[in-house]
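The task is simple: from the sequences and hints, build the whole structure.
6 protein chains.
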Amino acid sequence: MPSLITETPQEGFALAITLSQKGVAKTQPDAEVRKDLRPDYARDPDSLIHVSQVIAVHFQTVAAANNYWRD
Amino acid sequence: MPSLITETPQEGFALAITLSQKGVAKTQPDAEVRKDLRPDYARDPDSLIHVSQVIAVHFQTVAAANNYWRD
Amino acid sequence: MPSLITETPQEGFALAITLSQKGVAKTQPDAEVRKDLRPDYARDPDSLIHVSQVIAVHFQTVAAANNYWRD
Amino acid sequence: MPSLITETPQEGFALAITLSQKGVAKTQPDAEVRKDLRPDYARDPDSLIHVSQVIAVHFQTVAAANNYWRD
Amino acid sequence: MPSLITETPQEGFALAITLSQKGVAKTQPDAEVRKDLRPDYARDPDSLIHVSQVIAVHFQTVAAANNYWRD
Amino acid sequence: MPSLITETPQEGFALAITLSQKGVAKTQPDAEVRKDLRPDYARDPDSLIHVSQVIAVHFQTVAAANNYWRD
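Protein chains in written order, with full-length UniProt numbering: chain A, 1 to 71; chain B, 1 to 71; chain C, 1 to 71; chain D, 1 to 71; chain E, 1 to 71; chain F, 1 to 71.
All the pointers check out, no bait thrown in.
With a Cα cut of at most 35 Å, we get these calculated DSBU-like pairs of lysine-lysine:
1) F:LYS26 with D:LYS22
2) D:LYS35 with C:LYS35
3) C:LYS22 with C:LYS35
4) C:LYS35 with B:LYS26
5) E:LYS22 with D:LYS35
6) F:LYS22 with E:LYS35
7) F:LYS35 with A:LYS35
Everything labelled a hint here was simulated from the structure, so no lab data went into it.
Spelled out as structure tokens, the structure:
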């Protein structure tokens with residue numbers, strides 16, 4: 001995460017996903033454990049919707065940082 | 001998602017829905033699995049309300065990007 | 001939803017409710033199913049609080065769009 | 001709700017509470033049912049925290065409307 | 001809550017905590033009941049995380065009110 | 001927390017994590033209890049996603065405070 005500035009909304013969305021994963025990884029630093037949990041939440045609609053919500057909050061930040069790629 | 005700019009609030013809302021689905025699809029990339037989960041959450045009021053919340057967050061971003069379609 | 005601009009905060013709140021319902025309706029387009037689910041969540045405090053939260057997020061957007069009806 | 005403008009932060013907080021209750025009342029218009037549900041959620045910590053969150057979102061809106069009562 | 005303006009971020013965070021507690025207290029005004037519920041949620045990770053979220057929303061408001069203590 | 005201003009987005013993200021933990025610590029001040037709860041939520045996907053959400057809200061605040069590290 002060298003910068004919040006991205007070329008396109010698409011890249012900004014990718015950054016938002018990275019940030020949401022980073023929030024999880026900082027709380028559970030063991031990559032092996034995170035991998036074990038994956039099948040669980042990747043098939044649980046409520047978990048998926050919740051992940052989508054975290055991405056939405058980060059995308060709001062990234063979009064504002066980029067002045068909504070208006071220019 | 002070439003741009004966050006839309007002609008109307010209606011199109012902005014449609015974009016917010018797309019963004020919320022994209023957040024799910026990036027976490028569960030298997031379209032078949034997502035399809036299997038659909039009957040589940042589409043009949044669960046709490047899931048539906050949660051989806052509506054994610055859309056609301058994205059709509060906030062899209063609306064700000066479009067200066068609330070004031071002009 | 002022709003516009004986010006409303007005459008009064010009261011109308012803005014009504015629009016926020018409409019937007020939160022629209023988020024649900026786009027995910028579960030079958031009006032019959034939505035009607036069946038209603039008795040469920042309309043008597044579940046947690047569901048009601050969650051609906052109220054989605055309305056709050058949309059009201060934030062609508063209020064900003066209207067410059068908080070300051071003028 | 002004639003206006004989002006209040007004299008003090010204290011009154012602004014009271015308005016945020018009113019708005020959060022209004023979000024519930026619009027979804028469950030039957031005051032009798034709402035009264036029946038009250039003992040339930042008023043003793044459930046998670047419900048109380050969730051209500052507090054909805055108030056927080058509305059307070060954010062009201063505080064912005066009042067330019068944070070800076071003047 | 002005479003004002004949202006605080007000297008430091010530290011005091012602003014303390015105010016955010018006060019606001020989150022106030023949101024609960026207004027919904028469950030009986031201090032005795034709130035005290036009884038405390039052991040419950042103070043040992044439930046999910047409740048603690050949720051409280052932390054409400055504080056985060058209020059801190060966002062307080063930080064904006066103070067222009068992020070930039071000066 | 002002497003200041004919300006950080007040199008880089010990376011440091012800003014670290015501050016957001018600190019703030020989310022501080023929100024928990026203020027509600028459950030007993031470090032021993034918090035340590036006991038850790039194995040629980042650090043292996044619960046939904047808890048991890050929720051923590052990530054709280055971080056996202058704080059990161060939004062910190063990023064705005066730093067003018068998104070644009071300069």
